[in-house]
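Chain A is fixed; fit chains B, C and D onto it per the hints.
Take a look at the letters that make up each chain.
Number of protein chains: 4
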Amino acid sequence: MNLESFQLADHNQRLLDAHRRKLAYWTDAVADAERIIQKLIDFQIAIPSWALGTGGTRFGRFGGGGEPRTLDEKMADVGLLHALNRASGAISLHIPWDIPQDADATRQTAAHYGLRFDAVNSNTFQDQPDQALSYKFGSLQHVDPAVRRQAIEHNIEVIRHGVALGSKALTVWLSDGSCFPGQLNFRKAFSRTLESLQDIYAALPSDWKLFVEYKAFEPNFYSMTVGDWGSSFLYASKLGPQAYTLVDLGHHLPNANIEQIVATLLMEEKLGGFHFNDSKYGDDDLTAGSIKPYQLFLIFNELVDGMDARGMNHATDLGWMIDASHNVKDPLEDLLQSVEAIQIAYAQALLVDRTALEEAREANDVVRAQEILQDAFRTDVRPIVAEARLRAGGALQPLTLYRSLDTRTQLIRERGLKTVATGL
Amino acid sequence: MNLESFQLADHNQRLLDAHRRKLAYWTDAVADAERIIQKLIDFQIAIPSWALGTGGTRFGRFGGGGEPRTLDEKMADVGLLHALNRASGAISLHIPWDIPQDADATRQTAAHYGLRFDAVNSNTFQDQPDQALSYKFGSLQHVDPAVRRQAIEHNIEVIRHGVALGSKALTVWLSDGSCFPGQLNFRKAFSRTLESLQDIYAALPSDWKLFVEYKAFEPNFYSMTVGDWGSSFLYASKLGPQAYTLVDLGHHLPNANIEQIVATLLMEEKLGGFHFNDSKYGDDDLTAGSIKPYQLFLIFNELVDGMDARGMNHATDLGWMIDASHNVKDPLEDLLQSVEAIQIAYAQALLVDRTALEEAREANDVVRAQEILQDAFRTDVRPIVAEARLRAGGALQPLTLYRSLDTRTQLIRERGLKTVATGL
Amino acid sequence: MNLESFQLADHNQRLLDAHRRKLAYWTDAVADAERIIQKLIDFQIAIPSWALGTGGTRFGRFGGGGEPRTLDEKMADVGLLHALNRASGAISLHIPWDIPQDADATRQTAAHYGLRFDAVNSNTFQDQPDQALSYKFGSLQHVDPAVRRQAIEHNIEVIRHGVALGSKALTVWLSDGSCFPGQLNFRKAFSRTLESLQDIYAALPSDWKLFVEYKAFEPNFYSMTVGDWGSSFLYASKLGPQAYTLVDLGHHLPNANIEQIVATLLMEEKLGGFHFNDSKYGDDDLTAGSIKPYQLFLIFNELVDGMDARGMNHATDLGWMIDASHNVKDPLEDLLQSVEAIQIAYAQALLVDRTALEEAREANDVVRAQEILQDAFRTDVRPIVAEARLRAGGALQPLTLYRSLDTRTQLIRERGLKTVATGL
Amino acid sequence: MNLESFQLADHNQRLLDAHRRKLAYWTDAVADAERIIQKLIDFQIAIPSWALGTGGTRFGRFGGGGEPRTLDEKMADVGLLHALNRASGAISLHIPWDIPQDADATRQTAAHYGLRFDAVNSNTFQDQPDQALSYKFGSLQHVDPAVRRQAIEHNIEVIRHGVALGSKALTVWLSDGSCFPGQLNFRKAFSRTLESLQDIYAALPSDWKLFVEYKAFEPNFYSMTVGDWGSSFLYASKLGPQAYTLVDLGHHLPNANIEQIVATLLMEEKLGGFHFNDSKYGDDDLTAGSIKPYQLFLIFNELVDGMDARGMNHATDLGWMIDASHNVKDPLEDLLQSVEAIQIAYAQALLVDRTALEEAREANDVVRAQEILQDAFRTDVRPIVAEARLRAGGALQPLTLYRSLDTRTQLIRERGLKTVATGL
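Protein chains in written order, with this note's numbering: chain A, 911 to 1334; chain B, 911 to 1334; chain C, 911 to 1334; chain D, 911 to 1334.
Heads up, some of the hints might be wrong.
Just so you know, same-sequence chains aren't split out, so a pair can sit in one copy or run between any two.
Stated by the list, open to error - Below 20 angstroms or equal to it, Euclidean Cα-Cα: the simulated DMTMM-like pairs (lysine to aspartate or glutamate) are:
| hint | residue 1 | residue 2 |
| --- | --- | --- |
| 1 | K1119 | E1105 |
| 2 | K1098 | E1179 |
| 3 | K1180 | D1117 |
| 4 | K1098 | E1269 |
| 5 | K1148 | E1179 |
No lab work stands behind these hints, which were simulated from the structure alone.
Pulled out of the complex, with its shape left as it was, chain A reads as follows:
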């Protein structure tokens, strides 16, 4: 379904007065509101194609209905999100779930929705029906060179699809690892994975990036061959300047200080991209900002600081993507919540008085440093985020509008109740 412009206009009109009142109060209080608004307008978060359907756990899956059945329907869903919030202007495809039949047509459809193609993602953590060799014991790490070759070829094919669509990055997430002590020769697993990655890297167009994602555990439960930022950094360093580490918020051991990792990788010029979600226990893939919003803010605080220190462009120099699962929510509502939470954290981070913060730090004034951060975090930046949406042509309250249009009901009517999006 499409969002009609009159629907958007009506919605915004109804809320405009209240919005302006709140905004006025806000812009009174904050000096550089305009700068922040512009940065928010520029900041786009890619939606992964697999996040448009109901997720599941190993214990079951409870579908929600109206899920997209094709790549076109997935683009339509992201297009709808983007029309609502003007901050979801990119889609990240997953091969083989989203192989475009006609790349040109797909590009045109995307352009129609104002979407570009973000990083493409390979899949060597599942066996496909027509696949010659199994990934049961790994892919790029596999003891059998034929399996490694198959996985390498798959990645190269993913790059080809990405090139056809205008993507500029390949994300390699490997489930490779082991479930039991003894199963793996860690050294050989590392070397084989590195060699496989080198073959993939060699096939990378010169204006592409390779993102090496790491994960502490799951689906392997004893070791992961790219298990932490240190390992990913090692691979990326050995691969070359086009290789980077990708950080997924849910892929760490309990209590990890992710913001410090982010700062270190930025400093070393090896941070490539980000997968947003939230979690309490493991890779829970919950809505961004739903569990630890302060951590999300602290991460953005490091991102802003570290990118500014290198003169990087916030909007374009890192890959921003949501990677979540929606087991009990309407996926589109969940994504609207995630994007808003990310925007709020970003706006708060932009609000931090960095000069004062550095002064406090240089004076070892811990109390003041905390006050400066919390002052930004405690500020209600929702009016300014709404203003950015409004100026960009989106809705003041995307979720409210989405619901008032009864979107899900329409999607179910169009697509059926028992649809399952390709993917997990």
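This is chains B, C and D only, laid out in the frame that chain A set:
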């Protein structure tokens, strides 16, 4: 496939001399070897019907072939395990995956294999195709009384199946909980769950037990309505004397001291049963003893001590069951490994010099207390476990025999390569 | 040092216009601002006497100077905090660190500062110079009845001191436990601890409460005899109606859902009190709200909901106390930050639209339930907290005023640089 | 006190027959027992000078009596340990706790006991009484270059002391980090630390190594500037070929796979040394092998495999040291237990059939790979460890002999009951 008695005899004959040498050394050193051997012979660990097929994670499943397609084939598999190790003389069914079409015939088949029916397990964590109402938002905790009623009725039906087969316990594991802050009124969720359990409890035959299993997280990732031993204990206490807590080793927060929980529950007469597996990160469901064998020993140390303190019969007064998943192993081999690891831990616990241990404790002699436990743990009890198997009519080395018979190949020939056991 | 009323008046006068502007915006938007302001005025958080000095770790301690050397100086410090924020109107003493020489004089001094005496705390986790028997191997759990007797007598003496000062509760935090597997007979440790607590309970005045605090680990690193809420609940239930569980935010295993524990204990009428702090790894004792402010809000959300459900008085029916350590901050500044963070979380929890929340829950509208909570959390409630302070006679910005008065410099001048507060 | 040779001889004589019986059984079963015995004889574990006294926690310290008061007494204690087990032939000093007054005399004393000086350790995590500037806010990371300079000079002084004694390595463990979000500019903290380390590295003799130890948390509770192996690896790589990572078993986040880290660092030629201890929750500093003996074995399995792959000498090419704290045990007994647990794990790792293991791995035979490791781990190697001790001139059962000599009583008589070893 069946284990022929000559195969067993040949196997044992070939290994007998070496075994006797090791055993002699052992029985020389240990005073009460006979007592331990007898206890090992008596100790049976139930095999859950769902552990006979390859497991999976939310990311994929890599089947192994030859998996049982029917309840009869599942019983045949457990029968084979039991013929090999004489320690798997019970099967635990899961409804609706294992609904017996003819209870009498099923009982006869089980008897043929020397198996009894352990606790039956209900399932309200998945929707079945023909199910009227969904468990997406919980079952016994559900806001809608009709869903609760459906879940209650299902549990009562499970009891009926269990009665027909001679089971004496119902295990209720609930995935009920919430994924996001705000989703649940904890108080109401507790009360509704309690009321639902009371209805189930009321349907319990007088010689049955109700096991209330707890789990810290997954598949709900913010809260679990029966989330820790304290909660399970509360439910079990309010339900009555037939209700008990069931401990699954993988269902705890990081670093939990499970052996202390076991001791406390035994002391309070509320420990009902055990699910064995091992894990490093969460509910990883790995082979028992494969990650933390010392923890397994320490748990058995408390079990032996606590049961003896109450005059309980090790073999019959608690429910012992494996609950694991086999993603990269032949399920039957995995189960043979698990059972052996459990027997080793049990034998080591029986070996502990309890008089000396209590003396050391009363003297605050921490060094000596540790020495006493580690002396038992460092002892190689495999000869005595093998002897118990031998006397009970099993194989000296079950795994070796299983492999030498090329069992899996035969099962694949009989059942096919692409079979999927009912279940997860 | 004292806060002069003109200093307070000057401070408030200078900030008043800006404050009124913010508040007006706020009270425009929120219907029941007055109700919340009144509740904030009533809500007092006790300051523990040991939080007034610089803390330390086992690796070292870096004193900050001007620390209180006597009980009178401690009361002066709390008095100053209370003069600044009008929310710290209680002090929690620790025996033997704070034995009053003249209870009447001490009460008068406290009254002068507007302070009452909150729960008194016993100490059996350290040996005192003149102590007959050592607590090296525990106190209330000790194998030697003479040690247990000594610890019981100490607790009874603490009650006597509390009675003399007008306290109404005893907090028993036990470091009892074990460092090594084998060291402790868990069952006996539990029974001995229970018997000891029963003796203490018997000495409790009829209008007193006994708080049984639990802690997952540290200073014992294998087991803690009161290690989780389940254990504490067991003790409190067996003791009787005057015994309650006390929750310290830092005393849990990683990832524990503390808000659910709070809800459960309130439901069972066994929640007695609260120790506020924050932490990332263990019992880090950081400033409240400095690491996980959303968790603090979620806890208050359950507190408000659970107390309202029982008709409890927020201000008086639970014990509220800060329990933190200030290794790198001025302790008084840290406490001002903690109190403000607690007030903010409380105000946000009061802001939650409970009717709408229950509706969303009963409709399984997870998205909306989250929106309702986050709407409250994202609201900038600082103006209303400041207004409550102002009306109660405190400072609009306590920390700003504290700093502008150069308080620490004055305290160092008065008390010296190398002072060490009695305590840790 | 000294161990008289007749005492040793008597002890061994009494146990010899039983030992020979066990050993014979063992050497019958194991082909290359001689090779393992020789490796055990060569393998020496350094004792840190601070491990000879009772440790403590931030909550208290319960001294045990007879603790060494001087460097000479510390060497005497290690000498006694070494005389008992012939595996503790090195001591690791901590400056400023152990500044030798006369290096030559100290070397002679050490030689008398058969001890060499292992890595020297600097201390910038505490302030010393005579110190000009405070480390409250860090040392090598400090914002003030004068503090950094002081810390650098201290490290260089430690090297000088080490040179005088014949040490060949400096271990730098930094408590530097932050307790609160905002406190630290992570980037600057890293750069300053790196620059400081470069100055220290420049002062390193050409045959020395610099060990960069990492730790996840404590005593800083928000960030540690050398917080994980990835960070340490970065520092060591930037410093140069003499810089290495040092792994302390207790310095990781929950559930970390330490053996994989070890394998990776060995592969990258950046593993320098090891601190042995055990833990359940954090840096609990418990006796090696007392909590997770299987993990200790798995680590040694990687050490043996990785060192062999590089042709390294097990005994000399890595630094082996115990780093534990003895809160409830006699420190010398604890150290005897730790050394034995380490030897057992090492012997078991030497027992692993590496050819078969690699075959199983290359065949993806997970079950067999686990069997091979567990076969080694389940083997009772104590007779062979005792034999190695015997041949090296030590006691068959060091702890038994230590106790039978009533050593602690004698030490208390010599040194007094209330002594406190310099250090923590």
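Consistency of the hints with the structure:
no., hint, verdict
1, K1119 to E1105, "within (17 angstroms within a copy, 31 angstroms between copies)"
2, K1098 to E1179, "between (27 angstroms within a copy, 15 angstroms between copies)"
3, K1180 to D1117, "within (16 angstroms within a copy, 33 angstroms between copies)"
4, K1098 to E1269, "between (48 angstroms within a copy, 13 angstroms between copies)"
5, K1148 to E1179, "both (14 angstroms within a copy, 15 angstroms between copies)"
Consistency note: the structure conflicts with none of the earlier hints.
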